[in-house]
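Protein chains: 2
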Amino acid sequence: MIVTTVTVYVKPENINDFIEASTENHEASIEEPGNVRFDVLQSMTDPTRFLLYEAYQCEEETAAHKKTEHYLKWRRKVDSWMAKAREGVSHRVICPRDRSKW
Amino acid sequence: MIVTTVTVYVKPENINDFIEASTENHEASIEEPGNVRFDVLQSMTDPTRFLLYEAYQCEEETAAHKKTEHYLKWRRKVDSWMAKAREGVSHRVICPRDRSKW
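One line per chain: the protein sequences are A and B, in this order.
With my numbering as the guide, the letters of the first sequence map in order to residues 1 to 102.
With my numbering as the guide, the letters of the second sequence map in order to residues 1 to 102.
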C-alpha cells in the first residue's frame with residue numbers, strides 16, 4: 001500500500017471552489033479499483049490549508065489515478081486557485097499492518 | 001470528527017526505535033473509545049520523515065488521547081529521537097462525509 005499526502009494552500013477567495021472541486025474528485029477517486037482511501041481535510045487554524053490523504057493498493061494504481069479524467073479535470077480547475085506549489089509526499093505504511101483495517 | 005496530522009523528523013540512528021515505539025502507541029491508541037484511525041506512515045523518499053494520522057470523533061477525545069499513559073510513554077521515549085520539533089495540524093473533515101466510511 002502507498003499513501004500519498006498532498007498539502008495544498010488555496011487563495012482565500014477560492015476556498016469554496018476548492019472544496020467543491022475536491023469533493024467531486026473524491027467521489028470519483030474512491031470508485032477507482034485500486035483506491036483504498038481518499039480523504040479531503042481542511043486545517044482548523046488556517047482554512048486556506050488543505051490535505052488530501054490518498055491511499056492506493058500499489059504504485060501502479062497510484063500512478064493510474066493521475067491519468068484519470070477526474071484527476072486531470074481537478075488539476076486543471078484548481079491550478080489557478082493555489083497560493084503556492086502543492087507538496088506531495090509518498091509514504092509506506094507502518095500501521096495498521098492489517099489490510100482489513102484500511 | 002477531527003484529524004490531527006503529526007509530521008516527525010527522526011534522527012537516522014533512531015528510525016527503528018521510532019517505528020517500534022509508534023507501533024506500540026498505535027496498538028493502544030486504536031483501543032481508545034473515541035479513536036477512529038491512527039495510521040503511522042514513513043516517507044518513501046526520506047526514511048527519517050514520518051506522519052501520524054490520528055482521527056478522533058470529537059475534540060474531547062482528541063484531548064483525552066494526550067492524557068493516556070501510552071501517549072505519554074511514547075512522547076517520553078521519542079523526545080530525544082526527534083531531529084527537530086514535530087508539526088501537528090488539526091483538521092476538519094471535508095470528505096468522506098459518511099461516518100461509516102471512517
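Think of the hints as simulated: they come from the structure by calculation, not from any bench.
Note that the structure is predicted; figures quoted are calculated from it, not measured.
The beta-carbon is built from N, C-alpha and C at its ideal position, and this holds for glycine as well.
Certain hints may be false.
To be verified - Sample of chain A residues lacking proximity to chain B, with all beta carbon distances greater than 10 angstroms (derived):
1. GLU32
2. PRO33
3. ALA63
Said to hold, decoys possible - Calculated pairs, DSSO-like style, for lysine-lysine (alpha carbon to alpha carbon, straight line, at most 30 angstroms):
4. A:LYS11 <-> A:LYS73
5. B:LYS77 <-> A:LYS84
6. B:LYS67 <-> B:LYS11
7. B:LYS77 <-> A:LYS67
8. B:LYS11 <-> B:LYS101
9. A:LYS66 <-> B:LYS77
10. A:LYS101 <-> A:LYS67
11. B:LYS77 <-> B:LYS101
12. A:LYS73 <-> B:LYS101
13. A:LYS101 <-> B:LYS67
14. B:LYS101 <-> B:LYS67
15. B:LYS84 <-> A:LYS67
16. A:LYS101 <-> A:LYS77
17. A:LYS101 <-> B:LYS77
18. B:LYS11 <-> B:LYS66
19. A:LYS77 <-> A:LYS67
20. B:LYS73 <-> A:LYS101
21. B:LYS67 <-> B:LYS84
22. B:LYS66 <-> B:LYS84
23. A:LYS84 <-> A:LYS101
24. B:LYS66 <-> B:LYS77
25. B:LYS101 <-> A:LYS101
26. A:LYS101 <-> A:LYS11
27. B:LYS84 <-> B:LYS11
28. A:LYS73 <-> A:LYS84
29. B:LYS77 <-> B:LYS67
30. A:LYS66 <-> A:LYS11
31. B:LYS77 <-> B:LYS11
32. A:LYS77 <-> B:LYS73
33. A:LYS101 <-> A:LYS66
Among all the numbered hints in the text so far, which are the ones the structure does not match? Numbers 5, 7, 8, 9, 11, 15, 16, 23, 26, 32, in rising order.
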